[in-house]
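4 protein chains.
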Amino acid sequence: MTFTEIVWTKEVKLKDAILLEGLPGVGNVGKLAAMHLIDELKAKKCMEIYSSHFPPQVLIDDDGIVNLVNNELYFYKNKEGRDLLFLVGEYQGMDSSGQYDLCQKLIEIVKDIGVTTIYTLGGYGLGKLVPEPRVLGAATSKEIVKLFKKANVEFIDGEPGAGIVGASGLLLGLGKLQGIHGGCLMGETSGYMVDPKSASIVLKSLQKLLGVKIDIKELEERAKQVDSITNQLKDIDTNESIDKPDVNYIG
Amino acid sequence: MTFTEIVWTKEVKLKDAILLEGLPGVGNVGKLAAMHLIDELKAKKCMEIYSSHFPPQVLIDDDGIVNLVNNELYFYKNKEGRDLLFLVGEYQGMDSSGQYDLCQKLIEIVKDIGVTTIYTLGGYGLGKLVPEPRVLGAATSKEIVKLFKKANVEFIDGEPGAGIVGASGLLLGLGKLQGIHGGCLMGETSGYMVDPKSASIVLKSLQKLLGVKIDIKELEERAKQVDSITNQLKDIDTNESIDKPDVNYIG
Amino acid sequence: MTFTEIVWTKEVKLKDAILLEGLPGVGNVGKLAAMHLIDELKAKKCMEIYSSHFPPQVLIDDDGIVNLVNNELYFYKNKEGRDLLFLVGEYQGMDSSGQYDLCQKLIEIVKDIGVTTIYTLGGYGLGKLVPEPRVLGAATSKEIVKLFKKANVEFIDGEPGAGIVGASGLLLGLGKLQGIHGGCLMGETSGYMVDPKSASIVLKSLQKLLGVKIDIKELEERAKQVDSITNQLKDIDTNESIDKPDVNYIG
Amino acid sequence: MTFTEIVWTKEVKLKDAILLEGLPGVGNVGKLAAMHLIDELKAKKCMEIYSSHFPPQVLIDDDGIVNLVNNELYFYKNKEGRDLLFLVGEYQGMDSSGQYDLCQKLIEIVKDIGVTTIYTLGGYGLGKLVPEPRVLGAATSKEIVKLFKKANVEFIDGEPGAGIVGASGLLLGLGKLQGIHGGCLMGETSGYMVDPKSASIVLKSLQKLLGVKIDIKELEERAKQVDSITNQLKDIDTNESIDKPDVNYIG
Chain Z
1 MTFTEIVWTK EVKLKDAILL EGLPGVGNVG KLAAMHLIDE LKAKKCMEIY SSHFPPQVLI
61 DDDGIVNLVN NELYFYKNKE GRDLLFLVGE YQGMDSSGQY DLCQKLIEIV KDIGVTTIYT
121 LGGYGLGKLV PEPRVLGAAT SKEIVKLFKK ANVEFIDGEP GAGIVGASGL LLGLGKLQGI
181 HGGCLMGETS GYMVDPKSAS IVLKSLQKLL GVKIDIKELE ERAKQVDSIT NQLKDIDTNE
241 SIDKPDVNYI G
Chain H
1 MTFTEIVWTK EVKLKDAILL EGLPGVGNVG KLAAMHLIDE LKAKKCMEIY SSHFPPQVLI
61 DDDGIVNLVN NELYFYKNKE GRDLLFLVGE YQGMDSSGQY DLCQKLIEIV KDIGVTTIYT
121 LGGYGLGKLV PEPRVLGAAT SKEIVKLFKK ANVEFIDGEP GAGIVGASGL LLGLGKLQGI
181 HGGCLMGETS GYMVDPKSAS IVLKSLQKLL GVKIDIKELE ERAKQVDSIT NQLKDIDTNE
241 SIDKPDVNYI G
Chain P
1 MTFTEIVWTK EVKLKDAILL EGLPGVGNVG KLAAMHLIDE LKAKKCMEIY SSHFPPQVLI
61 DDDGIVNLVN NELYFYKNKE GRDLLFLVGE YQGMDSSGQY DLCQKLIEIV KDIGVTTIYT
121 LGGYGLGKLV PEPRVLGAAT SKEIVKLFKK ANVEFIDGEP GAGIVGASGL LLGLGKLQGI
181 HGGCLMGETS GYMVDPKSAS IVLKSLQKLL GVKIDIKELE ERAKQVDSIT NQLKDIDTNE
241 SIDKPDVNYI G
Chain E
1 MTFTEIVWTK EVKLKDAILL EGLPGVGNVG KLAAMHLIDE LKAKKCMEIY SSHFPPQVLI
61 DDDGIVNLVN NELYFYKNKE GRDLLFLVGE YQGMDSSGQY DLCQKLIEIV KDIGVTTIYT
121 LGGYGLGKLV PEPRVLGAAT SKEIVKLFKK ANVEFIDGEP GAGIVGASGL LLGLGKLQGI
181 HGGCLMGETS GYMVDPKSAS IVLKSLQKLL GVKIDIKELE ERAKQVDSIT NQLKDIDTNE
241 SIDKPDVNYI G
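Chains as they are written, first to last, in this note's numbering: chain Z, 1 to 251; chain H, 1 to 251; chain P, 1 to 251; chain E, 1 to 251.
Hints are supplied without guarantee of correctness; some may be wrong.
Chain copies aren't distinguished; within one or between two, either way the pair holds.
[Claimed, not checked] Listed next, the in silico PhoX-like pairs over lysine-lysine satisfying Cα-Cα at most 25 Å (straight line):
no., residue 1, residue 2
1, Lys-79, Lys-224
2, Lys-176, Lys-105
3, Lys-44, Lys-142
4, Lys-10, Lys-176
5, Lys-213, Lys-176
6, Lys-204, Lys-42
7, Lys-44, Lys-176
8, Lys-42, Lys-77
9, Lys-45, Lys-142
10, Lys-142, Lys-10
11, Lys-146, Lys-44
Quick caveat, the hints were computed from the structure, so don't treat them as lab data. Source: prediction; values computed, not measured.
With the sequences and hints as input, model every part of the structure.
So, in structure tokens, the structure goes:
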């Protein structure tokens, strides 16, 4: 009854590669970071994954052409370090068993392509503005915890308390069961809006981990714009409080 | 655990046929248009499709006879142009994986009957009254985009922004994966009520595309009735606003 | 992933039997009618049906013994007319695809036992008190419509407008697809409470249809009790309106 | 589409063993009792069970290591009585069919390990504070009812009225279908908070049933703390009522 269909757009084999998952999530931090890396490294698409676990929906591009919602893999053959494979898309699997099913299949697929480590990228929602976001980590082995710590990733007891939900968690948990180790990088974020600042600090840690050098100016520029809008909103909010007389004192 | 059962009511083979999907949706625009074409062309039923993806429900006709809810295919052998096959029914599949499953099966079925192109018909809800609705389009290939433009179908950047959800989208998206191209015709509509006016403009574009000539007077008549009722409601609404003094000016 | 398990408590074969479905539903009319027939005819249990489509729940009897929720079949070898098989239980399948799956399996099972006709029993909720409930009908063939009419079952155009939802509808709709005909008897009821009066009029029609003679005094007695409670509640309601001064006029 | 994966952490065979289920539930009574027994008896883990019926989630331990949510089996070879196997975990199966599927699989697994009896542990929520909670019982056979009564387990007609929902019920109901008998011990609890007092009385009955002697002081200590907090909250509540003048007497 369920179906998952793979379309290779370019046959590719990688060696001892790292999978970087950047599907939509809190603050779209992981997605922004992964998409930025893909752009900067000029990674190429190698696979489209269609599945009945995604919404029954087509998207329409600027030419009026419809495309069924999917997940996509992009690859980057890295001369300075380990090869990279990116998992991005508009959606995660919609329900719990769909997420398990998709992540199981994705792990099989990326193993075949040559992935031996999984890094998942996400946001850690704090429910309030975060002026100086940190990158929090979690991993499937002590070795990766050590590795992450060297890249300014912080490990805080009992954080995140609810664990990690969705693809960023499942790919690690199911990967571990299949002998593929990995870790999650979570940029702190309010969770209220798309957060390029959080994505840019995740990228700073990632650069150290992956041995790639990329330009993150554009993300930082967008982060400034978001900050500026947020500040304007705060100003309006403050002014309104001042202007608005306290009704209880009237009459 | 799921079941889909096909009942041929008339064995039929078509040649290079176009599937026209008109299942219930926004403003029932697609359904109205498809049913009108079936009536005018005197298309004949060839198949009933029963499925556990529909609600667990029977409908009762005027003679007290119960019928399990289903989808149905009607065919029309067209001497002036390409053969037509119609997909209509009271329901779409109820959940997401059910929609994928049904649409996959339907594409297999209509391919076997001889369908090589899929046109899906639907409404595009604007959330407000639309005095002069347009027909918007989306398609799986540039050739069909061109074809549609010649038939007064408009393509507007980023519309519909959310893509196309349900059978009208999935049949195109899944069809494309299986090498069957097609497009969607969406009549603009308020989305608040069944909209024969929107259906009639979709039919005007369809006549050009299909090379059939049909009478749409009856639909236009119903459109006028709906307009007249809408105007009466607006009048009542306006009068009420006049009678009702503006509370802000009192006291 | 789903499971359905059958436990024969008594191997039985019937000849040209009628299935009477009385699962829980609106006003529990069908269940009351079926259980009363089972009691009066001293029908014997022959099968328990367990399924993952029922709630994950055990019930506890007066001796503290737990029993997994199930559906059950009872049989009655009728010397005066056609053999009877009863389908009763505490639950219907919980979701739509579960209902399809269970009803498909039940039809297979009862066919094997010897069922050739299906009568489903239910309530038709009117949303208001019904002093003189009627029995409404629907059927899969014109022959059964005629048969029902002779037994004081009424057929009213477009009633019930929403068709019949759940096992009472599905058993007929799916049965029809498999060549087993049948009909539904619906006792009018408020839908607000368990309704023995509605069940007793359904039984009156059933007696004529089945050629059995049973005592329905006990049900009529319970119907009177419910009526009496309803009237007391109405009185209280009326008195309160009288006694309660209109607050707007005080002070 | 669904998956369940078993990881043996220690191969083990038991003889005529009792399964003790202590998954999360009302007041976490069963979980507290089972975890306390595991700690006191120094039972060892022998199996981890992963399944798509659990949430798509990893938990993070104090070292920053992620672990996919699961259920676990612990065993205890009992020289004084029957061997014990414990079923514990952070979650039960998430939906109804998932619970059936998991419990079916679990019964197969524990049968293979050597389980011949199932005791499930839970809380019975009363919706109010319970100063002197009792242990209520239900069982699959009269023999076990008798056995439980000797261990101060009470059987009250029609309690619990709604039966037992979830793993504590299903393991008994499905076990009975497969010829494994058992019973459920339910500690009365408010249902508002984690309840160590209710867990400790369940343990008192269990000690008699299992022929093990364990220290429950720590649980009783925690029960006192909860009682003390509850009393403080009641005091605050009472004082507030005293301070707050009765509005009805004013004016």
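Structure-based check of each hint:
no. : hint                : result
1   : Lys-79 <-> Lys-224  : neither (33 Å within a copy, 64 Å between copies)
2   : Lys-176 <-> Lys-105 : both (14 Å within a copy, 23 Å between copies)
3   : Lys-44 <-> Lys-142  : between (32 Å within a copy, 24 Å between copies)
4   : Lys-10 <-> Lys-176  : between (28 Å within a copy, 19 Å between copies)
5   : Lys-213 <-> Lys-176 : neither (29 Å within a copy, 39 Å between copies)
6   : Lys-204 <-> Lys-42  : within (18 Å within a copy, 46 Å between copies)
7   : Lys-44 <-> Lys-176  : between (27 Å within a copy, 22 Å between copies)
8   : Lys-42 <-> Lys-77   : within (10 Å within a copy, 51 Å between copies)
9   : Lys-45 <-> Lys-142  : between (33 Å within a copy, 22 Å between copies)
10  : Lys-142 <-> Lys-10  : between (36 Å within a copy, 23 Å between copies)
11  : Lys-146 <-> Lys-44  : neither (31 Å within a copy, 30 Å between copies)
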